[in-house]
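Chemist: So the chains spell out like this:
2 protein chains.
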Amino acid sequence: MEITVFLLVFFTGFLSAQSKYIAYNTSQGVVEGKLNVHLVAHTHDDVGWLKTVDQYYVGSNNSIQGACVQNVLDSIVPTLLADKNRKFIYVEQAFFQRWWRDQSEVIQDTVKKLVSSGQLEFINGGMCMHDEAATHYIDMIDQTTLGHRFIKQEFNETPRIGWQIDPFGHSAVQAYLLGAEVGFDSLFFGRIDYQDREKRKNDKSLEVIWQGSKTLGFSAQIFAGAFPDNYEPPPGDFYFEVNDQSPVIQDDSNLFDYNVQERVNDFVAAALSQANITRTNHVMWTMGTDFKYQYANSWFRQMDKFIHYVNMDGRVNALYSTPSIYTDAKYSTNESWPLKTEDFFPYADRANSYWTGYFTSRPAIKRYVRVMSGYYLAARQLELYRGRNNLRPKTDSLGDALAIAQHHDAVTGTEKQHVADDYAKRLSVGYVECPLLNISYCPPSEVDLSPGKKLVIVVYNSLGWRREDVVRIPVISKSVTVHDSNGKEVESQILPIANASIGIRNFYAKAYLGKSPSATPKYWLAFLASVPPLGFSTYIVSGNKTTVVESVVSIVSSNGSKSGTIEVGQGNLKLVYNVHEGKLTHYINKRSLIKASVEQSYSYYAGSPGSNTDPQASGAYIFRPDTTNATKFEGQENILLPQNPLTVLRGPILDEVHQRINPWIYQITRVYKGKEHAEVDFIVGPIPVDDQIGKEVITQVATSMKSNKTFYTDSNGRDFIKRIRDYRTDWDFQVNQPVAGNYYPINLGLYIEDNMTELSVLVDRSVGGSSIVDGQVEIMLHRRLLYDDSRGVAESLNEEVCILEECAGLTIQGNFYIRIDPLGEGAKWRRSFGQEIYSPFLLTFAEQDGDNWTTSHIPTFSGVDPSYSLPDNVAMITLQELDDGKALIRLAHLYEVGEDKDLSVTASVELKKLFSDKKIGEVTEMSLSANQERAEMEKKRLVWKTEGSLVEEPKVVRGGPVDPVTLIVELSPMEIRTFTLIFLT
Amino acid sequence: MEITVFLLVFFTGFLSAQSKYIAYNTSQGVVEGKLNVHLVAHTHDDVGWLKTVDQYYVGSNNSIQGACVQNVLDSIVPTLLADKNRKFIYVEQAFFQRWWRDQSEVIQDTVKKLVSSGQLEFINGGMCMHDEAATHYIDMIDQTTLGHRFIKQEFNETPRIGWQIDPFGHSAVQAYLLGAEVGFDSLFFGRIDYQDREKRKNDKSLEVIWQGSKTLGFSAQIFAGAFPDNYEPPPGDFYFEVNDQSPVIQDDSNLFDYNVQERVNDFVAAALSQANITRTNHVMWTMGTDFKYQYANSWFRQMDKFIHYVNMDGRVNALYSTPSIYTDAKYSTNESWPLKTEDFFPYADRANSYWTGYFTSRPAIKRYVRVMSGYYLAARQLELYRGRNNLRPKTDSLGDALAIAQHHDAVTGTEKQHVADDYAKRLSVGYVECPLLNISYCPPSEVDLSPGKKLVIVVYNSLGWRREDVVRIPVISKSVTVHDSNGKEVESQILPIANASIGIRNFYAKAYLGKSPSATPKYWLAFLASVPPLGFSTYIVSGNKTTVVESVVSIVSSNGSKSGTIEVGQGNLKLVYNVHEGKLTHYINKRSLIKASVEQSYSYYAGSPGSNTDPQASGAYIFRPDTTNATKFEGQENILLPQNPLTVLRGPILDEVHQRINPWIYQITRVYKGKEHAEVDFIVGPIPVDDQIGKEVITQVATSMKSNKTFYTDSNGRDFIKRIRDYRTDWDFQVNQPVAGNYYPINLGLYIEDNMTELSVLVDRSVGGSSIVDGQVEIMLHRRLLYDDSRGVAESLNEEVCILEECAGLTIQGNFYIRIDPLGEGAKWRRSFGQEIYSPFLLTFAEQDGDNWTTSHIPTFSGVDPSYSLPDNVAMITLQELDDGKALIRLAHLYEVGEDKDLSVTASVELKKLFSDKKIGEVTEMSLSANQERAEMEKKRLVWKTEGSLVEEPKVVRGGPVDPVTLIVELSPMEIRTFTLIFLT
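From first to last, the protein sequence lines are chains A and B.
First residue of the first sequence: 0, per numbering that gives the first Met the number 0; consecutive thereafter.
First residue of the second sequence: 0, per numbering that gives the first Met the number 0; consecutive thereafter.
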């Protein structure tokens, strides 16, 4: 029938669209002999930054940033269920725990299966991805432990991988302590110096074996990888969040714009490019970035297709992977890796962009975190002694708050102001010690001690040594006396409170409380307290003393003489001041026979607003001084302030030297009779910016020491690392920023030395510091800046405090401590006094009518056998009761190899005496984060090959197993040993 | 032990965060006596707009708009599974079908269960949400049928609800034909005139009973609701797409910022506000907007919480609902509703913002759609005659392309240029008739007819009547003769092709084909063809004719005389031109004795760039002329163009008058000997915009008729609706835009009348038109504009055609048709000639050596009994073979009640004779979209109460049931009856 032929010409075109369900083959594993591209699906969820942690979790405040972690975790579940080959890693347990609490049992069971099958893997596993510069190692351990133990408890899993992809530089302590000692098999991170990165790309040395501790050496090394660029997908358009603009793979032949081959080519090109800078035929692609996977399927749909089509193409092998799988693949190649020691500080991402400002940014938050850290350590001890009980508040919320505060946009000061406020609010929950004692506001102590009324002060010592120290509280009357719980009067001293302090007190008390304080105390009462290890003593303050031990106040001025000096100090330490210049000139220790000329001054760097050649401004992250030289406040300024001469207070317990440096810097230097260091109490602020110049205020301590460009700074308050000015160990350093590029993070302190002496400065919080000139050290105390530094926070670091509508720049108050020792003798002070800074006496107050306190309360207590205290070189950095009733303890040797001639030796701790009134049933040594037995961890440890390794590794000493009968724990230098104990009740 | 008391003071703050899984109670249904807030979760997915339909589906080109429909459909499945109370509606089947094809059987089964349980409901259910102004009713039916039959086939469901939430005004045909006749229980939409909306809010008359057809009246009425504002959530921050900024409900007491009560209050306030303008205690919230629910869970998580907490609050009742549930709830209240007749055109959203520009925007696309529509109708007939076969291409892809082109940002011209190109590309697939015949480019006809070579032309007639019409093809030689298949020579005429046409031909052929045409034909060959109903005839063109019937060409100019006239027309119709002015002056019909003075001219409105008082520009959507008066091209301009006088061609078949109106407008007026209308062939463009003025070109036909502000325009090519200038039936109209506010959409034509005559103008595509002055009608032919009109498309409507880098404004070529009849006699021409415009002859060409064609091919064919043709008042608007082998036919009565004295009566169609060579086994009457039996549909129809209804409804006549023996179908005025037939083979 020829009609058919005719009609044929009417029809052409596509055949109708056909059903085309494609079962993508995503099952590929590693293939030997091919370049393996490990696709690691991940989201990076800041535990607070532009929004608060809770805002990020629930997805509120999206006008600031579109981010909702609940979406990520909700959507990942069906997405992983849809294909058993898909894998995802999750990192930040603060978010995960919030989510977990909200889930039904059905979802919880599903997720447990996903975790147990390896589809969902917890990486890093702390509550947050902590910072590595502004954090103290005890906080790092605590926050990691919180996350790790939760994972262990709910999922019976131990994270294998360190994943510090965003922090702004990487510390030695992170590598060896929070890496190797936690049992991690590898550690990955994104940010290293741009010069370093270039060299490592050329050398294929982005991946290394990192020995972070010179003391523990190879026994605490870890495979570590810096990413080629950042923690995002490689260049080539591989972003697949909802609404992202990378081309999706269009593989439906029924539709227009089929593009499979183009996209496969893009993939192969990116893989080959990365292979060029990587050892072995394994490369990792970090498929995700900040707060991505809000709809997880939109990424996995594309990755499914890539794996399917790239493997069909066959040039490279693509697979769903995790950092664990990647690490195992690397390990199995038997490759040798370059050795890396020390750390990755400071971090610069461009020539004038040194991320060394954040070492100091938001000094108030940094101090608050440190205070709470010491408090949390003590509070857990007390909680253990008392016994945990679900019916009453526990230390958990404080633990959570502190954990979150370690985040790399929290204690760093790189968060928005409202987020900083949120961290502070969280910390304030659970803390009842006089929170404003630092500004001499403490109503419990400011009571009217009229006849018969007494103030009871219970003083707790969380250290493992008996401690004699001076307690200082504000009082309204100087007619007070102090007795111990045996009724014996103890030595005390009354000091007038400086006007500068009163001013701060009144302003900040009103700012924080919304009302002015009712009474204004005029005096500090100082008295000597003596408290047993892990125990408390009670002191009673009563009024109506007739003979007051008041300080002798003298106002010293030059009287025209240029050579006049005064000397302060009732004990071995004497400080000598030049009266004419109002300046410290000498440090004299009568015992050690040190006599050093020393100056201490304040200066500021003008924060750059950006220059013509480089718009980089100094800001929350970045320190970019406008000029290399700091501007000093001195001489002329004091003369302009005749009303503020040098004021000296002397008394039996301590002497004080008060100096007004300029209208907004005030300093009190204290020399205690019984101590050989100078304690400086500074008040800095509000930093004036009327001149439109942001300022970064430092203090410098200068000596004539020949320190030869060399200085030492601590790593997270633990190991000291040698720094050489304008030099990097790992590459030929091009100096662009002579100041900012020589700044390092300081948590415990820094020191310099020459062939005779060493000068140490210890700090009360995280700061940035350096030695820009030989013989001199400097630390940065406060920063007020007017420009954003373009790293995302989009606010200038211009902290203010407001009363109603009236705002002023934030004032910072704090302490640092100076000591000069004969060469080789400084460590003892740095280590043991460092513990005292971290763990001050903990005070509580009660009013008492009559004398009934001591009859109704136990006046003194110690958890430790009265005959015992910890060795001088050991601190107990954790003592807490776990949910399962066990006790968790950590003992830390405080010294590095060779640091002190007496104390850098193995120490022994007698657990039985440490817990004198408890019977120890079982002692189990655990990994640092207490989520697995140490022995099990050691058994699994991967042994990597190091390039050009010494034939003989240096010997590393570690304490042996704990004898189950004697229960004596050996600690070798720098060892931290973690145990769980069962107490038999 | 008093240590307890002491320690207590150390601890306070929150109890630790507790597990808090909340099983939200979302099961609430309608509650009597409360205000019920129906939450309708929906996404509005444009089937092309800023991106192409495929780009929207796969989520590519996100830099233009973040939108991925695949995400919506992927994510809705687990989201609905997570809670059986959750409900979602899905609308656009073009997307759904793309998705469905990609799914595994497991997912398909899951979705089938979700649909069958009512959790997922298909609404509207066409391939797209078609436009209602620029669409032809046949296309609307076809695209709805495509979607509905898919839903029926895959899910055994029939959509209940019309959901035209975005189209820019709403047509009567939509309400009664694509609403009531489809079996919808209600129709919802978002866009009505802002003045109308205000009045309806005050009257609580946003919800009405709409009788769209005056002929079918109450028998085709529907419950219709305009939304209070748009199709988004109500004011009060209820947007919950990923990254949206509305406050999420934070109900986790462990976290900060708990806000349940605030959000419940917001909800209740928004509900009460809407209740104030709504009858009954049911309000609907459209929870969604364009391309939302990319991660469906992010909305449902919040809606779960709202339902849970709002119902705990108890002031109002919140429930998951659908428009079906809402409609049933409304119905069950037994409320009376206002009656609405006519339509909702034109639409203005603000005073100077009349959405009447899009009636004409992109006239080339509009024409292409109309051409393909007629072709698709014919092609399906041929496919049925031939038999569908999966092994060869079918009409399906053309059907899909046409369906998509009906979208309210497709044929409307309101899409971006690249998207318009995509629609055109889709339409081009499956079309093989000389696609450039309209620009006289048709290589098959341009063959060299050297001795022995012949051109075979097969002419198909898709109408149900025998048709005599003139075929016109370009030829290269004028020495040709035409014979029918019996060898009989047929009358033919040679006309030279105008230079204007040659110019377009050469330019556009090169633009579309990338190369210049090889030969340039100089002539049109016109000949009379006669083709049986639903059949074809064959004509053979051969060369070497000695006596050519060439047209007589005369170039007419005024010779200085102002009164000189010429007359053209070989039959009853004569057109008289004033030679001096070069203008048409009179229309004379010798049969009907009409002699009317008439002028026809071209003018333009300057498109407003926005004024000082209102920045609204004229653009793709909006027509805002800069002044009320159009600028006419005439007189002076012709004098300036002496090289282009009136050119007249005369011949035996037709006369042509060629006029160059200005350098970029050329017009040919044709008067066929056998026809009584004038056919105008216009070439407009490139519209010059060197003066930086956008121009909207109209043609006006002016008479002296006293039309009294009244004119009539068709609704989607079907019913004519009476329009009164500066007047609205439903409210007291405030006139702001005297031109734009009087424009209406035209698909078939418009007419005016006085007490003697009627003037009709019919069109070849969708245009906007009006009667701005009594006695005159105007239609807009082309628009070129320089500003975006701020309704989202973000492009100016400045269409260009480029050859390599050289671009010129788009030229539009087309036709309109003018006729003047005695009063009451115009309908016959409008209706039957309207069918001829829609369904032109379909031509195919073959070259032939010798005379073997007629021996090897059937030269003529008709599907209809030779003795039979359809009645004059009935058209067959569908004849196609369905996938199940049944035939689908639709018969449409072409006349309204009272429209024609002879033809506005019930007609009968004899199916047996219509399918003369097939045996009909079973005839089933179906709903219009053929997804259910008509009887079943009628049984379910809801009967609504109308406010102030007449005691006696006007009588409506409908054809009775089809006698199963005679198989005669009765059709009353305006009836369209749809049947499936089984042919016994």
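Accuracy of the hints is not assured; some may be wrong.
Identical copies carry no separate label here, and so any pair may be met within one copy or between two of them.
[As the list claims (entries may be wrong)] Heads up, simulated DSSO-like pairs for lysine-lysine below, C-alpha to C-alpha not over 30 Å straight-line:
id, residue 1, residue 2
1, Lys111, Lys708
2, Lys827, Lys589
3, Lys885, Lys19
4, Lys213, Lys827
5, Lys672, Lys198
6, Lys672, Lys827
7, Lys151, Lys33
8, Lys424, Lys19
9, Lys112, Lys900
10, Lys111, Lys19
11, Lys477, Lys112
Since the hints were made in silico from the structure, they are not lab data.
Chemist: With reference to the structure, classify each hint as holding or not holding.
Modeler: Status of the hints after comparison with the structure:
1. Lys111 x Lys708: neither (55 Å within a copy, 76 Å between copies)
2. Lys827 x Lys589: within (18 Å within a copy, 125 Å between copies)
3. Lys885 x Lys19: between (59 Å within a copy, 26 Å between copies)
4. Lys213 x Lys827: within (19 Å within a copy, 103 Å between copies)
5. Lys672 x Lys198: Classified as neither: same-chain Cα gap 53 Å, cross-chain 89 Å, threshold 30 Å.
6. Lys672 x Lys827: Within. Shortest intra-copy distance 19 Å satisfies the 30 Å Cα cut-off; inter-copy 119 Å does not.
7. Lys151 x Lys33: neither (36 Å within a copy, 50 Å between copies)
8. Lys424 x Lys19: between (55 Å within a copy, 23 Å between copies)
9. Lys112 x Lys900: neither (54 Å within a copy, 79 Å between copies)
10. Lys111 x Lys19: between (34 Å within a copy, 18 Å between copies)
11. Lys477 x Lys112: neither (67 Å within a copy, 83 Å between copies)
Figure legend: structure checked against the earlier numbered hints; hints not met, in rising order: 1, 5, 7, 9, 11.
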